[in-house]
Each structure stands twice: as structure tokens, then as C-alpha cells.
Amino acid sequence: MSDRAQKTALVIGGGIAGLEAALTITGAGHQVVLVEKSPQLGGTTRELYSSFPHWENPAELLQGKIDEVQKAGVQLRIGFEVISSQKQGDIYQVVLEGPEQKREELVADAVVVATGFELFDVSAYGEYGYGSYPGVVNTLEFESRLREWAKGESKEAPPKTVAFIKCVGSRDRSKGYPYCSKICCMITAKQAGLVKEIWPDARCHVFYMDYRAAGKGYEEFVRSVIEEKHVRYTRGRPAKILPEDGRLLIRTEDTLMGVPVEIRADMVVLAAAMQPGRGTVEMSRIFALNTDEYGFLEPVSGQAARVGERVFAAGGCIFPVENQGALQQGAAAGAGVVALFNQAR
Amino acid sequence: MAKEGSDKWDEQLYQKVDRYGLVSNLEQCLQCGKCTGNCPVAAITPSYNPRAIINDILAGSTERLLDSEEIWRCMWCANCYRVCPVDINYPFLIMQLRYMVLEKGYGLKYVLPINKFAFRALEEGLTFVPGQKGKEKIMRLRSGVDAAPWPEVSDRAKAEMAEIFAQTGARKWMEDLEKEEEKPVRMSYREGRIIHEGS
Amino acid sequence: MKEARVISPEKRIPEVPEKLFLFRSCTGSMEYPGTEQAVKFVLDKLGVQVVMDADQTCCSGYILTCSGYTPEASLAVTARNLALVEQKYNLDTYVFCNGCFGYNKELAHLLNHVPALKEQANQLIGQWGYNYQGKTNIYHVQELYYRLLDRIKAQVIRPLNGLRVGVHYGCHYLAQQYGILDEGDLPTFHEEIIEALGGTPVFYKERRMCCGYAVGRGFTHKESVVQPHLGRKFDSAKEEGVQLMTTVCPGCNTALDREQPQLAKRGFGPYNIPVIDLAQLIALALGAPVSKLGFNANTVPLDGVLDIIGVGKESKQ
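Residue numbers (the working numbering), protein chains in the order written: chain A, 1337 to 1681; chain B, 2 to 200; chain C, 4 to 320.
Hint data in this document are derived by calculation from the structure and do not stem from the laboratory. Possibly wrong hints are sitting among the right ones.
Across the chosen pairs, the derived CB separations fall in these ranges [what the hints assert, rightly or not]:
| # | chain 1 | residue 1 | chain 2 | residue 2 | range |
| --- | --- | --- | --- | --- | --- |
| 1 | A | 1470 | B | 25 | 38 to 44 Å |
| 2 | B | 105 | A | 1493 | 56 to 62 Å |
| 3 | C | 206 | A | 1636 | 50 to 56 Å |
Note that CB positions come from ideal geometry on N, CA and C, so glycine has one too.
Use the sequences and the hints to build the structure in full.
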């Protein structure tokens, strides 16, 4: 048992999961230091233009959480990273490094790791030519394109056809990972629906192997994209993209028809797999955490969020997760910390 | 002809085909269609479909595969293998499937035209040696570029190559192919309802 | 994640060999005798010594896959050829035909990964004193050209004057899943070589597309598959204004060159795109006597191309 009267939790990562964990812990009367290595709070959610299954703007959700965190007195260390840690009894002595190599030490009675996921580098797929053909982009790059289009900030002509390729780096033992990244099907449906909303005359093709919409309202969401936004789904994993007269030629099989198909598009969006980020790998080393074979954090069996000694995890560092799931996991990790702190009282 | 009521199903087909253990990961197939999408033959004759052939081998459809003309169209470019997300070596699969089919007397006409070159290779240590007139032309061309009139392959090389073919049974296999009675193949690979045995 | 897919020339060939074993190609020696001579000329210019051996036989891969006989014989043939290189010369094996490359590499892979197959092959070839250990690495000479691109660049004396060259990589090179140069799905190293020679590389749409002749389809499915297939390839090359096509495989060269008049008869084209080996083009740029490159073996004549390079007259001498 720790004899420190006022307990402090260190939350690593200022995305939606980390923010929610910080709020849960401060809400129970404990102190939180939140470390975010990028210059802004918000994590991946900040890069999103819209969300599923309700087409909500995640910026509102995010700003609400950031305001609450500031009101709750969470101590923010923006631009800082955890570089080392020493466990002494029930506390961690942690060293942070910030802008201009500024070092700071602090003592944490518990830690929440919420370092998020990273996108798989889709240039591993030579057949899709990411990095060589300008019209081929990954999920998050396309999200910012959608924002520019919607705000009328883009000067480029609207695309006539946009194609979406799913499972790029996931469900691929050869170039990527065998696992399913779980949320790409929904992201793709959302993005294709948005294209049709912004440019109703554009054609949208989604190439899928299976579409996985297991979540509350998810199946209805994908169906609405097909039925109300008129996005066309073709079952088949494209084999090749070739440049042709300034456009992109996609070769695939329509596996339901059993015939090869060629489709021309102006833009191809690769639904990149999500993988553990370097930050997650670093934290698992620094805090000696449970990980799976890919480097994602793995909660101790039978526990919702505990991944090590007085360390909890939430969000994409455990596995790819959408905003709603990140919120829930953040709350669970926060609750784990609170329960631990309250035992000492 | 429809295949209703066929009793030629074999659940172990995928193992029997893979006699050299070259495609032991066949069950990893995701049926994603990347192979077919990248296949230059399917692009011209879509009834040839590598994904469907894998599916059929896993299902155990012996009859439909054995007498199919489709399996002879593959030109081994391996565009399928190149992009396969689970690294299924389809060219090795089709090669082994062809052994199985040949043994049962199907598809001989697709190998016999090359068989005579194979016999010549045993004697000369070189593949695609032409007849006398062709040889003379080659010698003329070779002399023109200051090369020896004929590619230098030693008698030792020729003798050992011929022995290898004799001792591994390859020579006998080639000779037997010439004698075998050919059964007709069907071009209608995907006609008819599929009824699994015992279902 | 498995092995890296994009391989640099330094990683592929860490040490430039002083001497290499050059694996004879059947089709190369018979259909286009100029190819072997060009390869030797280029390697000599690059300062690499070449040995060949009359005890080497055909790689046997082609007849393996065409005639459908089971692979024991070809495994033994491969083990024998490679054991010859190991025991007699202790060198790495360089091929100049994609067929030889693909079959030697695949069969050597099997021999080295399935102990029973290696033992079986070694037992058989042991009667003549051979023993294959898997020491000789198998490369394609094109990999060495790219590795030594600086040396090539420095010695160009007949620049290609912007000749529009469409390259053909050939699938038995590109199809290798792992361990080949560059990125097999989006290769550019041939184009970089063309650029170094002063040519204009043309990225035509179907440049990765197979020649259609592999495993005997040129004999059995010529009308139904091979010709329409080649039509698609040449259409895309013609559209982009390709003046010359290069190959790194005498087999591909045969398909792409010899098939053109027949394609024209069927209403494809006419294309009239001459097809030569990359080594022949490099040799031309490095100053090899045109008459010794054996272009008279080609079906589609090179006249116009040679004029662009400025050796049209010399070729007629």
C-alpha cells in the first residue's frame, strides 16, 4: 500500500481514450498528469471529419472532452514523451522529455497507457502504387481531403469516380498482418457515403472481401450507404492499379460474378490496417507490459484494462477501436485506477 | 452436361493433389479473388478462374477438375502467387494437379506436343533443339557472332542428363504418355448445379 | 510481417564478384546467339570474369512444367548443375534467362528446404561424384547490371539518343515472391538502366505482363490465349510510342519477336516493335560491333532503331 495521501495518475496519450480516462480519475478526486507527445490533444480523432454510425462531427465531441479536462484541472504536458521509468514499491518515478530536450521528473501511483494505433505503411503494396501514383491515398489522408472538399477549400475538380480498397495490410499474412483491423469497414462506408454527399454525381466503388458491421447501428449504417447514398459494393480484393491516361485503372475479380473486372477511378483510397504505434511499443518496454504477438497491449486475463503492475490501457494501443469504444475503454481504465487508489483509503 | 447426382467428390483431394507438399497452406485461401484479378488468362477467358479452382479443390470436386480443359490454360506467370495475401503458390498447385490429371488420361494433348522436345533434350542436353534445317540456321547465326557453331554441351553432360531421366522414372513417364489413351476434356467447367455427395 | 519486399542492389549483391559462373541458356544459344555474346561483352566491360562449362546441361525447368513429368528428374538436374559450379569453381551462378533463373531458384529452394528431396537428388548425382550443398547463390545478370550501373554509365560511348524503349521484365523473374531486386509489383530498375544509356524509358501500361510462352502455352493455346494476350501487351506499348522492347529472357524474346507477324495476320497491330535482350542494348551503347550482336536472328528488323542510335550504316556492313 502506498502511503501518499494525494494520489497521482499518469495518463500517456491525449486521444479520446486518454482524455476519458483522465476525466474519470479526476472525477473521483485524484490528480492526473496527461502527457501528449504531439503539439495538440485529440489523437487520431482530431484527424477525422465525420464519424459513424451517426455522421457526427467528432470535433465537437473532442472539443467537449478537452474543455472538461481543462476544467477538471488535469495537468497537461503537451509535446512531452515518457522516456524512462523506475518502479519503486507502489510508485513509478517517471522521466518526461519535452520541447528542447526539457526534462521533467514526476511520481505516478498508477499509469494509463492510451497511445493509440498507427496506420500500416501501405507502400508495401507495390501493386497499388501508393507513393508512386498521386491519386492513391490512405484512409487518414482521404479524411482530410473530405474536410477540404466539404469546406470548399479545395481547388481541384471533383472526382468522377472514387474507389475504396479494404484490407490493405490486414488479413494479409504475406505483406501485413493476419488480423482484421475491425473498424476499416465502417470507416470506408462512412467515407464513401461522404463522397456521395459532397459530390452526388461522383461514382463510388467499394471493394470488399467481407463487410464487417458488427456493432450497434453498424449494419444499418452500411446498408444506408448502399441504399440511400448509392455506393456500389463489389466483392473482390483488387489485384492491381495501373496508371492510364491520368486516371487509375483497377483490376479485380468480382468474386460473386466470378469474372475479372476493370474499373477506372480518379482516386483510390486504401483502407490501411491499424498497427501498434512506436509509442505503444516503447511504453510496453518502459513499463514491462503484457503484449500480444503484434505488439498491441494485452489486458491481463479476466481484467478489462489492466496490462501491468498498476498500469492500465485504453483505446487503439490495445486494438483498433472507434470513438465510442475508445470512450468506454478510457472510462474502464480510469475506473481501474480509481478502484486501485480507493483501496488505500 | 450438368453434374447433378455426381458421386465424384473427395474431401482429401487437396491433400492428394499436393503430393510434394508445395501448397500445404491451401486451406488458408481467403477467396479474395486477387489471383483472378491479376490473371492474364482469366482476363481473356474468364471461365478460367484460379480462385474458383482452389475453391473446388478444397471442396473436393474431383470430377469437375479432372476433365476440365480450364486447368491447361495457366501459363505459369505467377501473377497470382505474387499478390496472394497468404502466399499460396498456385503455379505449383496447377503443376501438381496436371500430374494427377495426366495419370488418369486427361489432357494428354496439352503435353504431347512438347514431349518430343523433352526426348530431344535428353539426348542433347538442351531444350528446344530443332530439326536438321533449323540446326544449320543456328550454326550460321552463331558463326556470324564468333560463337562456336554449336553450343558446347559435353558428352558427359548429355549422358548424365539421360541417366537422370532414366533413373528417376521420368523417361518412362514420358514414354507411357505417348501410349496412353486420351480421355476427352470438357470446356463447360462451370455448367450445372453442384450437389455435394452425402448432402 | 514477413521478409522485406523492396530490395536494394547492394543488399541483393553485397559484394561485386570478380568472377562468376555464367549459366548457358538453351534458347539463348539457339534462337538468339547474339545474346550470350552480348552478356559476355558487357560483363567484360564491367570488369567481371566469366566462366562457362560444357558439363552444364539445360536447367530442364521448361520440359518439367510442359511435359508434366514429376519433379524428381529436374531436382536432380538442378542439383547436378549447381554442384558442378560449387565443386569445380566455388562461384556464384549467374543466369541470363528468366526461365533458368526461376527454375534454378525454385528448385534450389526446394532442395534446400526439404531435406528428403536434397538427399534423394544427391544420392542420384553422387554416382558421378557430385554433391550439392546449396552454397552457390543464384542471380540474374540483370541484377549485376543494375548493381554496376555507375560503371555502365561511365562507359556509354553510343548514347541511345532518346530512343523510346519499353522494357519487359518477364514473369519468371518478377513472380518470385521474395529475394529479388527492387519491388516486383512496381519495378523500375530496367527503366533506370535505359535512362543511364541515354534512352527514354516508356512506362507502358502492360510492361509487367507475361510473354505468354511459358510452360508450352505457345504450343497448346496459341490462338485462344497467347495471341489475344500479346495483342493487349503490344497495343499498350504501341499507344505509348515504344520503338524498341527489351527482354532479359531469350524465351520471352522469342515470344515477343517471333509472334508479331502472326499477330498481324490475325488483325492485331501490326506493331513492328523490334525486341532484343537488355544485354544487347547495353553492349550497343558500350560500343560493341553491331555485326557481332546477332540482330540478324530477329524476326522484326531493327533498322529504324539502329538509325536512331547512329549505327544504321555500320549494321549494313
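Discussion item. Looking only at beta-carbon atoms, does the pair residue 206/C, residue 1636/A fall within the given range of 50 to 56 Å?
Written reply: Once the Cβ atoms are compared, 53 Å apart, the range 50 to 56 Å for residue 1636/A and residue 206/C holds.
Worksheet item: So the hint says 56 to 62 Å: do the beta-carbon atoms of residue 105/B and residue 1493/A match that?
Response: holds, 59 Å
Worksheet item: Measuring from beta carbon to beta carbon, are residue 1470/A and residue 25/B in 38 to 44 Å?
Response: With a Cβ separation near 41 Å, residue 1470/A and residue 25/B satisfy 38 to 44 Å, so the hint holds.
In terms of the numbered hints stated before, the structure departs from none.
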